[in-house]
Amino acid sequence: MSILVYINSNGGIHKSALEVVTYGKKIGENVTVITSGSADSSSLSSLGKYGATKVLVDRSLQNDDAQQLTRLITSAAENMNASTIVFSQDIIAKAVAPRLSVRLSAGLISGAIDIPSPDGNVKVNVFSGKAFGSVHVHSSKKIISVLPNSIQPEITGSDCAVEEYNGNIGAPSIKVIDTKKPEGEIPLPEAELVVSAGRGMKAPENWHLVEALAKELGAATACSRPVADIGWRPHHEHVGQTGVAIRPNLYIAIGISGAIQHLAGVNGSKVIVVINTDAEAPFFKAADYGIVGDAFEVLPRLTEAVKKFHATRH
Amino acid sequence: MKILVCISKSPDTTSKIAFTDNNTKFDENGVQYIVNPYDEWYALVRALEIKETLGGNVTIVTVGLAADEAIIRKALAIGADDAVRIDAEPSDAYYTAMQISNYAKSNAFDLILTGKETINYNGSQVAAMLAESLDLPFVSLATKLDVSGTTLTLEREIVGGLQIEELTIPAVVSCAKGMAEQRIPNMRGIMAARTKPLEIIAPVAIEPLTSFVNYSIPNSKTACKMIDPMNMDELVELLHNEAKVI
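Chains as they are written, first to last, in numbering that gives the first Met the number 0: chain A, 0 to 313; chain B, 0 to 245.
All the pointers check out, no bait thrown in.
Calculated pairs, EDC-like style, for lysine to aspartate or glutamate (alpha carbon to alpha carbon, straight line, at most 20 Å):
#, chain 1, residue 1, chain 2, residue 2
1, A, 284, B, 227
2, A, 179, B, 154
3, A, 214, B, 236
4, A, 306, B, 233
5, A, 306, B, 236
6, A, 214, B, 232
7, A, 306, B, 227
8, A, 307, B, 227
9, B, 220, A, 279
10, A, 180, B, 154
11, A, 140, B, 206
12, B, 243, A, 189
13, A, 174, B, 145
14, A, 174, B, 165
15, B, 243, A, 215
16, A, 179, B, 165
17, A, 180, A, 210
18, B, 143, A, 228
19, A, 174, B, 154
20, A, 307, B, 232
21, A, 122, B, 20
22, A, 174, B, 109
23, A, 269, B, 236
24, B, 224, A, 277
25, B, 224, A, 279
26, B, 243, A, 191
27, A, 307, B, 233
28, A, 179, B, 145
29, A, 174, B, 134
30, B, 143, A, 177
31, B, 243, A, 153
32, B, 224, A, 293
33, A, 306, B, 241
A few chain A residues that face chain B, going by a derived Cβ cut-off under 8 Å, partial list only:
#, residue
34, 63
35, 107
36, 110
37, 120
38, 126
39, 134
40, 174
Don't read these hints as lab results, they were simulated from the structure. Glycine is no exception: its CB is placed at the ideal position from the N, C-alpha and C atoms.
Hey, can you work out the whole structure from these sequences and the hints?
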């Protein structure tokens, strides 16, 4: 089984890259990583620790043009006769993996949350996290796109070789005019800890309480749909059925009632903490820990408790 | 501008999700099907806005059986000009994309719009597969789309931010929140939809690449542990020692 893993290495090696390399190692012996982007050779080489046999890097591709990436990955997959191609299910994978599926006639499993079972079927999230499905691929080659935070990175080896690679990627069909990246924010889908708030915060100027807790925890911030719709928070923070679906280790929901559409986006979270003034809020049914109380009093207290906890550990 | 909008049916967002036949089939009992929200709210409405400014035609396409015509009539009531139903069960994303691609190949569209994903299978696959099969550029998860002559200017989500991009038609674009506002069809639209052209075409022979073998429902949570709002040290202690997440 030769496995090809694509990672996005723009801006360094992300945790999701370590997850998919580990995934590749768990399903095959010979794991080649293909990447474009700006990460330096020594950080690419460290992917060997997570199971990569070698890393191929094409530095001619700076943006994430889906057609160029498709050509790059196709070329690498054909050269090594890859049986399975692995992606992390992010925005790039959503544009590239389906294109590869058509080009290579390889069945695509998107949203995998586990390694294949002995019969080769793969468990995926469906119905926006309200159910799991088991997918069978009919073609001999397959593509698996793994949801972030589904597998824990594991160190199994040592640094590996990094080779420059020319994937004959051709010209881009899309011209990038401008890129806006908020500095210092943790991308929500990759975050292990998430602090999220809803209409219970009463006004956008109260969000500093949410941000203070997130900062103390090293968490990303998120929000419910009504809050994004009325413009209190940016749309990319909206988690739920029609927003982002996330599966962090810890999800703290403040002043969110827990409508079925919101739960759909967060019920993959390992641990859920709910803070609400209303003891009857449906969210408590999906929670591991619940606090009935006023967010304006509970939040500063919790932030202080986290601060104390961190202080005693250093 | 000739625009094709691909729509899919999906269960209403409040539907109870259950399975039958030994957990191999989605239980449709009591389920209300709607136009997949991303397809309707963003792709279709933006297509109509472009048509209203620049002129042209908006065609709806769906792969589905006769029972799915209700969602087509809804899309026509919102304002699409005509519709095509490819008469087949959409067995997987590849099968669906190849059927639409086969139709689109013989009908030179300037722009093909889809929603970013369906809310039932969440695969986000059909649009990119369609683009590859038609050898067209594809912009995924666009939150803004403007047309000027043959140039499209788009804003889309990228990993950890936003990107503004330009490309030349024809192209495929998948639409996410921010693209447009939901429209409620009015009585005139609903009446007009009854007589708008709906063409039914036979599918081409395509073998699906994947299939769902079975389904399961996540285990329900054990009872929620309630914590005294005065004692946040206890919560932190539990998150560290019991839940082991911090």
